[in-house]
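Just so you know, the sequences run in chain order D and F. Numbering-wise, the first sequence is residues 1 to 185 according to our numbering. Numbering-wise, the second sequence is residues 1 to 185 according to our numbering.
Do not take every clue at face value.
Heads up, the list lumps identical chains together, so a pair's fine if it works in one copy or across two of them.
[As the list claims (entries may be wrong)] When the alpha-carbon atoms are kept at most 20 Å apart in a straight line, the in silico DMTMM-like pairs for lysine to aspartate or glutamate are as follows:
(1) Lys59 x Asp102
(2) Lys59 x Asp5
(3) Lys2 x Glu22
(4) Lys2 x Asp102
(5) Lys157 x Asp102
(6) Lys2 x Asp40
(7) Lys157 x Glu139
(8) Lys85 x Asp105
(9) Lys59 x Asp106
(10) Lys58 x Glu139
(11) Lys58 x Asp41
(12) Lys85 x Asp102
(13) Lys59 x Glu4
(14) Lys85 x Glu139
(15) Lys2 x Glu55
(16) Lys59 x Glu22
(17) Lys58 x Glu22
(18) Lys85 x Glu140
(19) Lys157 x Glu140
(20) Lys58 x Glu166
(21) Lys157 x Glu79
(22) Lys121 x Glu139
Think of the hints as simulated: they come from the structure by calculation, not from any bench.
There are 2 protein chains.
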Amino acid sequence: MKWEDTERQVCSVARALSVLGERWTLLIIRDAFRGTRRFDDFQASLDITRHRLSERLKKLVSAGVLTRVPYQERPVRYEYRLTRKGLALYPILMTLSQWGDDWMDDGNGPPQYYRHSVCGKITRPVLTCDQCGDPLRPEEVSPQQGSVLSSYVTHLKSTGEALPSEGELARAASQYWQAHIKELS
Amino acid sequence: MKWEDTERQVCSVARALSVLGERWTLLIIRDAFRGTRRFDDFQASLDITRHRLSERLKKLVSAGVLTRVPYQERPVRYEYRLTRKGLALYPILMTLSQWGDDWMDDGNGPPQYYRHSVCGKITRPVLTCDQCGDPLRPEEVSPQQGSVLSSYVTHLKSTGEALPSEGELARAASQYWQAHIKELS
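With the rest of the complex left out, here is chain D:
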């Protein structure tokens, strides 16, 4: 599989990573949340080649995560701002940060703490269930197929084909779905 095909998997993790899952991309997003907006400031922070930075920013703009807004005329210059889709990445950054704090501390404690203005306390983010409020633990959460996956599984059963392993299902369903869409169109 080519990396470019990940976005067509019937899997939200794969689709998210098709936008975010390359070197530097989430560090650009981190900087954007810290208030960085201009090309030269991203470059000063990340110290990567202009070519690579430009390529990553372009991809984030085309995915609708950042938007280019002119901040100067003659010559026109643009800055990059998080869109609503970009701001929605906040929980991903916070869970990455928490994991780094917990498991990649260099022995000097967390580089940063986070104060929650609602309660005024230093906060640790916890992923919870929106229904009961309890923390979500992997052993207490079971995935259930949505309509695309379940229609693919129904198809396999009807033709007597073997079910692929759970790991392969997202990719196989995507191939089936694309062929199916071609048949329909």
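Following the hints, complete the assembly by docking chain F onto the known chain D.
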């Protein structure tokens, strides 16, 4: 900056991404959470070259996210299992999945739903404050420097040097800290 230097930044997001922030790595972790353990099964799921898969698995083992466990003798064969450090990646995967559901849906609804066995309901993960239980919103959370960052800022102030932008701080502090450690040792 080289990618290999990200782990030395005084920033937990950068440190986390030094392990996770490359193409395929988080898809390997996704498959591990779905129960995939063997090299050939990861390969069947991801359909990437054996060389690349091997390189990624090796890195995850050396970072302590996966561990190699023999499952067969003569010849000895190994499978890959999530460690505690690996299991702690669960909130990162769930927030990625949620963002994919919300923003990269192809119009067919979420590929998967998640049922929470504690309350029995279909759950949407929410990132909340461990102190007050409210959802964490970026505009209500302020970062505060931990000891390494704040000692670096104190140093800059004492020498009258200009403070770098927030985006650059993590990298500059890391350079200062490394020089400082060299002086001490």
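Status of the hints after comparison with the structure:
{"no.": "1", "hint": "Lys59 x Asp102", "verdict": "between (31 Å within a copy, 19 Å between copies)"}
{"no.": "2", "hint": "Lys59 x Asp5", "verdict": "within (15 Å within a copy, 24 Å between copies)"}
{"no.": "3", "hint": "Lys2 x Glu22", "verdict": "both (13 Å within a copy, 14 Å between copies)"}
{"no.": "4", "hint": "Lys2 x Asp102", "verdict": "neither (33 Å within a copy, 24 Å between copies)"}
{"no.": "5", "hint": "Lys157 x Asp102", "verdict": "neither (44 Å within a copy, 30 Å between copies)"}
{"no.": "6", "hint": "Lys2 x Asp40", "verdict": "between (31 Å within a copy, 18 Å between copies)"}
{"no.": "7", "hint": "Lys157 x Glu139", "verdict": "neither (28 Å within a copy, 49 Å between copies)"}
{"no.": "8", "hint": "Lys85 x Asp105", "verdict": "between (30 Å within a copy, 12 Å between copies)"}
{"no.": "9", "hint": "Lys59 x Asp106", "verdict": "between (33 Å within a copy, 19 Å between copies)"}
{"no.": "10", "hint": "Lys58 x Glu139", "verdict": "neither (39 Å within a copy, 26 Å between copies)"}
{"no.": "11", "hint": "Lys58 x Asp41", "verdict": "within (16 Å within a copy, 34 Å between copies)"}
{"no.": "12", "hint": "Lys85 x Asp102", "verdict": "between (27 Å within a copy, 9 Å between copies)"}
{"no.": "13", "hint": "Lys59 x Glu4", "verdict": "within (12 Å within a copy, 23 Å between copies)"}
{"no.": "14", "hint": "Lys85 x Glu139", "verdict": "between (30 Å within a copy, 15 Å between copies)"}
{"no.": "15", "hint": "Lys2 x Glu55", "verdict": "both (18 Å within a copy, 17 Å between copies)"}
{"no.": "16", "hint": "Lys59 x Glu22", "verdict": "both (11 Å within a copy, 16 Å between copies)"}
{"no.": "17", "hint": "Lys58 x Glu22", "verdict": "both (13 Å within a copy, 18 Å between copies)"}
{"no.": "18", "hint": "Lys85 x Glu140", "verdict": "between (29 Å within a copy, 18 Å between copies)"}
{"no.": "19", "hint": "Lys157 x Glu140", "verdict": "neither (28 Å within a copy, 49 Å between copies)"}
{"no.": "20", "hint": "Lys58 x Glu166", "verdict": "neither (34 Å within a copy, 23 Å between copies)"}
{"no.": "21", "hint": "Lys157 x Glu79", "verdict": "neither (52 Å within a copy, 30 Å between copies)"}
{"no.": "22", "hint": "Lys121 x Glu139", "verdict": "between (30 Å within a copy, 15 Å between copies)"}
Of the numbered hints listed earlier, those contradicted by the structure are 4, 5, 7, 10, 19, 20 and 21.
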